[in-house]
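Visitor: Residue numbers (the working numbering), protein chains in the order written: chain U, 196 to 298; chain V, 12 to 284; chain S, 3 to 290.
Simulated from the structure, these hints should not be mistaken for lab results. Each hint should be verified, as a subset may be incorrect.
[What the hints assert, rightly or not] Simulated crosslink set (BS3-like; lysine-lysine; CA at most 30 Å straight-line):
| no. | chain 1 | residue 1 | chain 2 | residue 2 |
| --- | --- | --- | --- | --- |
| 1 | S | Lys264 | V | Lys102 |
| 2 | S | Lys288 | V | Lys21 |
| 3 | V | Lys240 | V | Lys21 |
Just so it is clear, the structure is predicted and the values come from calculations on it, not from any experiment.
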Amino acid sequence: METLHFTRPARAAEIQPALVGYVGSGDLEVMIEPLQGSQTEIHIQTSSPGSEIRWRQVIEQIEARISLPAMRMDIHDFAATPGVIRLRIEQAIELASAVEASA
Amino acid sequence: MTAQSKPISKRGGHWFDGLTAGMVTQQAAVPSLRIADGEVAGHACRVLLVQPDPDSHFPRASRGEVGLLEGYGLAAAIDDAIKTDADNPQKRALIAIVDVPSQAYGRREEALGLHQALAAAVSAYARARLAGHPVISLLVGKAMSGAFLAHGYQANRIFALADSGVQVHAMGKAAAARVTLRTEEELDKLAADIPPMAYDLESYASLGLLEPLVEVESAESPSTNDLGKVRSVLVDALNDIQPGDTGLERRLNGVNRGASRLVREQLRTQWEA
Amino acid sequence: MTELTNTALNRTEQLGFIDLSARKRIESLLDSGSMRELLTPFDRLTSPWLEKQGIVPQFDDGVVIARGKLDDKPVVAAAIEGGFQGGSLGEVGGAKIAGILELAIEENRKGNPTAAVLMLETGGVRLQEANLGLAAIAEIQSAIVELRQYQPVIAVVTGPVGCFGGMSITAGLCSYLIITREGRLGLNGPQVIEQEAGVEEYDSRDRGLIWGLTGGIQRFATGLVDAFVDDDVSALATSVRDCLAAGVPTLHRSDDIASPLKRLQQFDTREQIDAQRARFTLTQGKTA
Chain U
196 METLHFTRPA RAAEIQPALV GYVGSGDLEV MIEPLQGSQT EIHIQTSSPG SEIRWRQVIE
256 QIEARISLPA MRMDIHDFAA TPGVIRLRIE QAIELASAVE ASA
Chain V
12 MTAQSKPISK RGGHWFDGLT AGMVTQQAAV PSLRIADGEV AGHACRVLLV QPDPDSHFPR
72 ASRGEVGLLE GYGLAAAIDD AIKTDADNPQ KRALIAIVDV PSQAYGRREE ALGLHQALAA
132 AVSAYARARL AGHPVISLLV GKAMSGAFLA HGYQANRIFA LADSGVQVHA MGKAAAARVT
192 LRTEEELDKL AADIPPMAYD LESYASLGLL EPLVEVESAE SPSTNDLGKV RSVLVDALND
252 IQPGDTGLER RLNGVNRGAS RLVREQLRTQ WEA
Chain S
3 MTELTNTALN RTEQLGFIDL SARKRIESLL DSGSMRELLT PFDRLTSPWL EKQGIVPQFD
63 DGVVIARGKL DDKPVVAAAI EGGFQGGSLG EVGGAKIAGI LELAIEENRK GNPTAAVLML
123 ETGGVRLQEA NLGLAAIAEI QSAIVELRQY QPVIAVVTGP VGCFGGMSIT AGLCSYLIIT
183 REGRLGLNGP QVIEQEAGVE EYDSRDRGLI WGLTGGIQRF ATGLVDAFVD DDVSALATSV
243 RDCLAAGVPT LHRSDDIASP LKRLQQFDTR EQIDAQRARF TLTQGKTA
């Protein structure tokens, strides 16, 4: 198991806590909680060792598509593919941001 | 090593013989079960043992395993005590002598609902405790997995002899190694840091599930001193168990059960919120 | 062809329970809007033992617990996530189930009837937390025996994992047991039996044998469960409510001792057993 941390610039936004996925083989859980300020903190525990570069790439791909809200994001990964990781993170951000849409 | 090549334990039989000398033997429903009624320092009690029955017509339950007959047999013996004492304010104590290598592993067992047979025994022990029967387990040999759940784990107090032949676990080491894809050596190494995985009794004691270990001269075949010592331990426990003491809360105090306590504390706070 | 198409059409009208997460399972069974999850993932009560072994934890430790209502009556509910570590029960997940059952007992003692629904998808004890999983199961069992004196404790086994190990004994203690075709129930998993007893005794690759002996259809036919329903949310929701309405049974299955003991004492073990003989043995002379 490997533990990784990333801090990324983000926009201040009102979000709600959100959780998607589960820690089953080839899957991951992504948990989002609001964070004051203009940063996103990403905490990852993954069963795949030596995956830091891959995670950085996935995060950059997501940033290219979505402007990250300020948040704390926790990830528990059980050997998910980059495609599944992107999907879950985007699902979680969408769910967390639903409060903006409804407000 | 397959179960068939493991030696059959005689420990349970020796301790039962010693502790029930002078008591009245009761006819058990099945040959693998021994029952005796008597008194320990004025406390009425029923002593129960699951022992090997080499002639069992269930071939996968002939070496001391808890199988179909053992589960229902225990349930019948305990249920009988509950019913007999129903109107008696002094409920007899149930003393389980535990030396069970495993539950029975077999096709007949699964097909005929071994889980239900063991549930019958668990239910009977738990109902007895809730009805006010003091329930005490004495671990003299192995206390493994489903077998221990059915015979001993519902007790108010669990005692164990301080001896390397006494072992509590969810799965034998060889099988656990296969299932978790580790070697037995790796398991031992892990167990050094992870008390709930360890096979030694001291680690188990750190979980808070046991009363203080009982030092004896011979765990295999008790001496007169050993029997006297265990009797006095039983008497102390019987004096200690109060009428309203029918739950298992005292098991939550172990050094290595912090999470079990934390979960209950936080849950209660949220429940009442 | 026509038959197949019709089946496929019917399937789309059903909402399968088997594919739902543990959290959704509880939500789908309870009265709409009544679910209040306790100790949510955001409380971060993860296993203290998995990380030490290099295993990625899950924020709810694979167990979801909640208060809610069924037909407007208060209940507690627990569901095990079969996808996380095989639905295995460790210290935290076990304490969540035991803890909420213990609180339900207190409510009943105070005069507030509170029943329980357990969704059991589990291989039993989590071997990485071995003795604490086993201890938790003993405590869950104790709580069920106490709680069911007051109100029904209802278990649901739908697959895909099934209910095995110590938790199959737990299922056997419940007031009512509901199963689907895809559910399985048994003490020992097929691989363990094969390892312990040999492939002639139990061939873990023989799916026909295993499902024939421990699958939902057989468990219902042998009377080891109370209800057999489709893998469908509304069918399960109805069945759970029927069990609740039936109240505490006069005699719990686990306390029916003399009759099964007699059948087993008389059972001829000279030949190996099959599904038909198991049905005959466990039901002969029984009135429905």
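Visitor: State for each hint whether it applies.
Guide: Hint by hint, here is what the structure shows:
1. Lys264/S <-> Lys102/V: Cα-Cα ~28 Å, so holds.
2. Lys288/S <-> Lys21/V: It is violated: about 39 Å lies between the C-alpha atoms, which goes past 30 Å.
3. Lys240/V <-> Lys21/V: Holds, at about 20 Å.
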